[in-house]
Structure formats: C-alpha cells, structure tokens
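Participant: Given chain A, work out where chain B should sit, using these hints.
So the protein lines, in turn, are chains A and B. When we follow our numbering, the leftmost residue of the first sequence carries the number 170, and every step to the right adds one. When we follow our numbering, the leftmost residue of the second sequence carries the number 3, and every step to the right adds one.
Among these hints, one or two may not hold up.
List of simulated lysine-lysine pairs, DSS-like, C-alpha gap at most 30 Å [claimed, not checked]: (1) LYS260/B <-> LYS324/A; (2) LYS384/A <-> LYS398/A; (3) LYS260/B <-> LYS237/A.
Rather than coming from a laboratory, the hints here were simulated on the basis of the structure.
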Amino acid sequence: MLLEIEDVSLLYGRIQALHGISLTVGEGEIVALIGANGAGKTTTMRAISGIRPVASGRIRFDGEDITKLRADLRVRRGLCQAPEGRGIFPGMTVLENLDMGAYTRRDRAGVAQDLDRVLTLFPRLAERRKQHGGTLSGGEQQMLAVGRALMSRPKLLLLDEPSMGLAPMLIQQIFNIITEINEQGTTILLVEQNAQQALARAHRAYVLETGRIVKSGTGQELLHDPSVKDAYLGVA
Amino acid sequence: MTTTVNGPSPEQREAFTTRLRHGREAISERWHHAPRWVRWALLAAVIVFFYALPNKEFYQYLGPIPTPGANFTQVLFTVSIYVLMAVGLNIVVGFAGLLDLGYFGFFAVGAYTVAVLTSPSSDIKTLWPWLVVVPIAIALTMVSGVMLGTPTLRLRGDYLALVTLGFAEMIRIAAVSSEFLKGQRGFNQIPHPPGQYADGRPVFGVLDARPYYWLVLTLIILVVIGVRNLTHSRVGRAWISIREDEDAAQLMGVPTFKFKLWAFAAGAAIAGLAGALFAGKQNFVNSQNFELLNSIIILAAVIFGGSGNIVGAIVGGGLVAYMIERFRGIELFGIELYEFRFLFFGVVLVVMMIFRPQGLIPNRRRAAEFKDRRKEVTVGE
Numbered sequence: 170m171l172l173e174i175e176d177v178s179l180l181y182g183r184i185q186a187l188h189g190i191s192l193t194v195g196e197g198e199i200v201a202l203i204g205a206n207g208a209g210k211t212t213t214m215r216a217i218s219g220i221r222p223v224a225s226g227r228i229r230f231d232g233e234d235i236t237k238l239r240a241d242l243r244v245r246r247g248l249c250q251a252p253e254g255r256g257i258f259p260g261m262t263v264l265e266n267l268d269m270g271a272y273t274r275r276d277r278a279g280v281a282q283d284l285d286r287v288l289t290l291f292p293r294l295a296e297r298r299k300q301h302g303g304t305l306s307g308g309e310q311q312m313l314a315v316g317r318a319l320m321s322r323p324k325l326l327l328l329d330e331p332s333m334g335l336a337p338m339l340i341q342q343i344f345n346i347i348t349e350i351n352e353q354g355t356t357i358l359l360v361e362q363n364a365q366q367a368l369a370r371a372h373r374a375y376v377l378e379t380g381r382i383v384k385s386g387t388g389q390e391l392l393h394d395p396s397v398k399d400a401y402l403g404v405a
Numbered sequence: 003m004t005t006t007v008n009g010p011s012p013e014q015r016e017a018f019t020t021r022l023r024h025g026r027e028a029i030s031e032r033w034h035h036a037p038r039w040v041r042w043a044l045l046a047a048v049i050v051f052f053y054a055l056p057n058k059e060f061y062q063y064l065g066p067i068p069t070p071g072a073n074f075t076q077v078l079f080t081v082s083i084y085v086l087m088a089v090g091l092n093i094v095v096g097f098a099g100l101l102d103l104g105y106f107g108f109f110a111v112g113a114y115t116v117a118v119l120t121s122p123s124s125d126i127k128t129l130w131p132w133l134v135v136v137p138i139a140i141a142l143t144m145v146s147g148v149m150l151g152t153p154t155l156r157l158r159g160d161y162l163a164l165v166t167l168g169f170a171e172m173i174r175i176a177a178v179s180s181e182f183l184k185g186q187r188g189f190n191q192i193p194h195p196p197g198q199y200a201d202g203r204p205v206f207g208v209l210d211a212r213p214y215y216w217l218v219l220t221l222i223i224l225v226v227i228g229v230r231n232l233t234h235s236r237v238g239r240a241w242i243s244i245r246e247d248e249d250a251a252q253l254m255g256v257p258t259f260k261f262k263l264w265a266f267a268a269g270a271a272i273a274g275l276a277g278a279l280f281a282g283k284q285n286f287v288n289s290q291n292f293e294l295l296n297s298i299i300i301l302a303a304v305i306f307g308g309s310g311n312i313v314g315a316i317v318g319g320g321l322v323a324y325m326i327e328r329f330r331g332i333e334l335f336g337i338e339l340y341e342f343r344f345l346f347f348g349v350v351l352v353v354m355m356i357f358r359p360q361g362l363i364p365n366r367r368r369a370a371e372f373k374d375r376r377k378e379v380t381v382g383e
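With the rest of the complex left out, here is chain A (with noise of 0.2 Å):
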C-alpha cells in the first residue's frame, strides 16, 4: 500500500474533529473520499499532507511513519496536495505558480518536461501563462492548484474538492484531467462532495460522517448503495 492510514484522531483545540479513521491507497489506484460539509474530508487531508499534527493514530506512506513528519519533507518524499479552493498564490503568475510546485525539486530538465505536460493537459493556463493567479477564474484557479500539485512530481496525488464551484461542464472536464493523470501512472487521493462524479471515477471509496467512516468499497458498489444514493447522489 501507497498510503495506510491507521486509526487517526484529530482535534481542534477541544472539538474532535476525527475519530479514529483508517484508510488505504494503493499504487495506481483513484480512491475518493465523499461526504456532507463538516464531516472531516478536508481535515483527513489536512492530516495527510501535515498541515495539522494528529492527536493519536499512524500515518504511513510508501513504507515508511511520516506521522511525525514537517509538511515539508512530506512534500519531498512525494506527496503533494492540491488544496481546496483558492489555494493559488494570487500574486504570482501561472507560471510562476507552477515554478512554486517544483520547489522542491532541482532537476531542471525533468522540471521543464512536467510543464509541458501540465501546460499540455490545461491548454487554458498556456494561454494565461503570464496572467496573475488572483486574475484567473474559479475554474483556471482550480486548474492551476491541480497542475502546481502535478509540478512536484508526487507519488500520490491529493485533491480537496477539486470541482467546487465549477461549472457543470468543467466540472466534466477536470474529471476527465484526473482520470487522464492517474492514467499516466499518478496515484490519486480525492476528497469531493460531487459523489456522483467521483464515485464513477475511483476505484475505491470511502464515506466519511461526522469524523468516521461509515462505509467503504469500490466506486460502482457505492454508487449503486441504496444509503448512499439516498444522502448523497440525490433521486433524481
């Protein structure tokens, strides 16, 4: 497994805000995570990346206890999030918000290849290159968190909401861009609240409530889950 999560707790100040989660990613996989606003989906990756230390609990990623570890080197050993909303930094170009994502990196080459490829796979920030973060729309801003994660090159890709606030048809497109990422051979850990869309996409799944996880399988066993169609997909 890419990425073990074992029995994590995590407290904010005195409010607990997960009890006790496990999870796994394995290599390849697209694993999503669903669940109604407060649930723990964003603090689960906070958790992850290391933004927020845990209060009990042990985090795992590609063989090794990063439970303890600085977000930093997190970074360096090849986890990289793509945060939610706008997590871009306004003030610097595309570009240069892309250069940020290769920070940790010093192959200058392998660096320059992976710009062609996010430039190529969001022909939108190509034409924008030059254009301040803050200037873009939701949309392109959402892009551009996604393709400064790619620039670092990550073993396992995370997404916090990477379709909120798009449109319907974008919200198409960067699904499309995610299951063409993990197909270039990224592994992909995805928090949404559009169920539907990830569910279809991800290999597995898990559902979190109120800081637990209250069910798991494969993507098409929930979407099909008569409990989880009911609080989450919506009768059409």
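Facilitator: For chain B alone, kept in the frame of chain A given last:
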C-alpha cells in the same frame, strides 16, 4: 477578516485611483521600456544627487527642500537611518508578510550592544573600538531575533504582532529600569567610527554630520543590493509564497518556519546595524531614544511607501522621516506646526489607506494580491 471601509463611494474611489494609476503606470511603463543605459544613468544620477545633498553649496539652491528649523545634514542623517530600517523591516513585513510591531526593539539591541561594549560609563569597561563592536552588535541582534522568533513565529497574524509589541516594550523597560543599562543617565563617550584626514582631524567628528550620512547611504546601497539578490533567489520566492498563502506554501514543500525565522533574523540584523550606526554618531545612548512610537512610524513608513517593494520602502522611510522633521520651525497663526506633526502624519496615513492601500509604489505582485482580496470581499458580501 477583511473589514469594509466607509469612505468615498466606490465610483469616487475608482475615479481617483484610476487617475493615480494612469499617472504611475505611465511612469512605470516608460521605466520598464527604457533602454538599459537610460535606467542605469537615471539610477546613477539619483545616487549622485543623494551623495551631494548634504553639501550646503548644493542644497541652498533646492528651494523649500532643506528644513528651516533644523540642521539639514543632521536631518538627512536621521532620515537615512529610517530608510535603512525601512529596508530591513520591508523584508519582514513586505516580503515574508509577518506583522512586526516591535522592530525598533532590535535597533535598541544594536545601539545598546555598542554602548555597553565601548562606553567608559559601562559597568564592564571593555572600551572596545566602535568598528570591532559593530559585527558583534549585528550578530547579537540576529540572535535576539532568532530567540524571539523561535517560539513566536509558530503563531500567525495578530498574535505575532502582540508578541513583537511586547518585545519592544520589554527592551524599553529594561533600558529604563535596569542598573546595567543606565536608564535616563545613559552611556556617554561612545567612540565614533575610525578614520582620519591627512591633517590628523578625524573623519567622523562631532559637528559635521555629513560623513555619517555618507556612511549610512553607502550601507543602504550595499544592503539594498544584498536584499535584491536575496529576493530574486529561492529564498525570496519562499518568502513571497508564505506571504501570499502560508498553507499553500507548506503544501508546496516550503519549510515555512525556517524561512520566516530567516526573514526575522535578516530584518533584525539590519536594525542592529542601524542601531550601531546611531550610537556611533550620537556618542550617547539612553532610554529616551527608544519610544514605542518609533516602531509604529517605521511600520507606517513601509506600508505608506508600498510594502513588498524595496523602492517603496526607501521612499516611504525617507518621506515619513523627512516630513516629520520638515514641520519643525514652521509657524501658522502663531501655532508651531511641529507640535502637530503626528496629527498630519495620521491624516496622511488615513487618506492613503482609503485611496491607495497598497502604498505609494507597490510592487505588481502586491497590487494583484490586493485585487484578489477585494474580489473575496465582494464575493462574501
């Protein structure tokens, strides 16, 4: 987080700022499109101007620029110290985005280190020469910066501002009440910088402030070159990313704590240098030199000039320090304007923050960040 301002209507503000922007953008466009040699020539002219400025033969032709109520060369020295400190604080506030309200505390550490190690009134009577003590003063201020930063830089925003405010007060109160630091009586006979003319007169004397001003000016140029190189490196990119979005910076693998500490230490070192220069010029240091107001003035100067931009910090520091001195000796309807200098200063700041919150000469990046934040405010409304 962002508060709305009840000022002029958005249209008025828009009209005003557009006019300002067009003026400035025209200049900055022209600057960026000018051939290289023109830019160098202009820069050289500005530098020559400031080297020539303290000579009476030169400044007497400058109309209202020299200060009527104070020795102009003395004023220039004070202004140059403020500029040096503004350049230093700009690293902390402008580049790394750390709100430091106690920056003057580091100036005090630098000045007192020199005083304690050189003055005959000091208890330890080392009586070392000024030049030997300067590197010690810089090193000690850096250490104090790291010591203050290590526990506090894990905090963000408001907390950091409070801690730094407390630090400056601690230094001041220690200076006032500690027997070792001599309080109001202070340290006297602090030696001047070394150097002699051919006829045996010292270069750095008591009456003529010009050599000190030239020394500080030269150091400002060196510091600016150093800071510029730093900001164009990986270090600079890390600082900017921290300022723009600390979480995102961390997610990109930037060791944020380490770089915040570096910014803090670098800023502190520059303030320490300024303190050492001040002590060497004044040859007297006591607790009255370190009022809290000074910290506020320098911070205001950096923001006024355009934080995040070295030129902005220089202009801000220079203008603010100069404006305050310029009021000296002007009377209007029998009122000495100098008494009200901070009132004017306050008014100017308020007007600035309404019409041009990014400062006189912001950098382009900063301007984009401000636009982005404004967008966030409108989305939230």
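Participant: Now look at each hint and say whether the structure bears it out.
Facilitator: Do the hints match the structure? See the list:
no. : hint                  : in the structure
1   : LYS260/B <-> LYS324/A : holds, 25 Å
2   : LYS384/A <-> LYS398/A : holds, 13 Å
3   : LYS260/B <-> LYS237/A : holds, 17 Å
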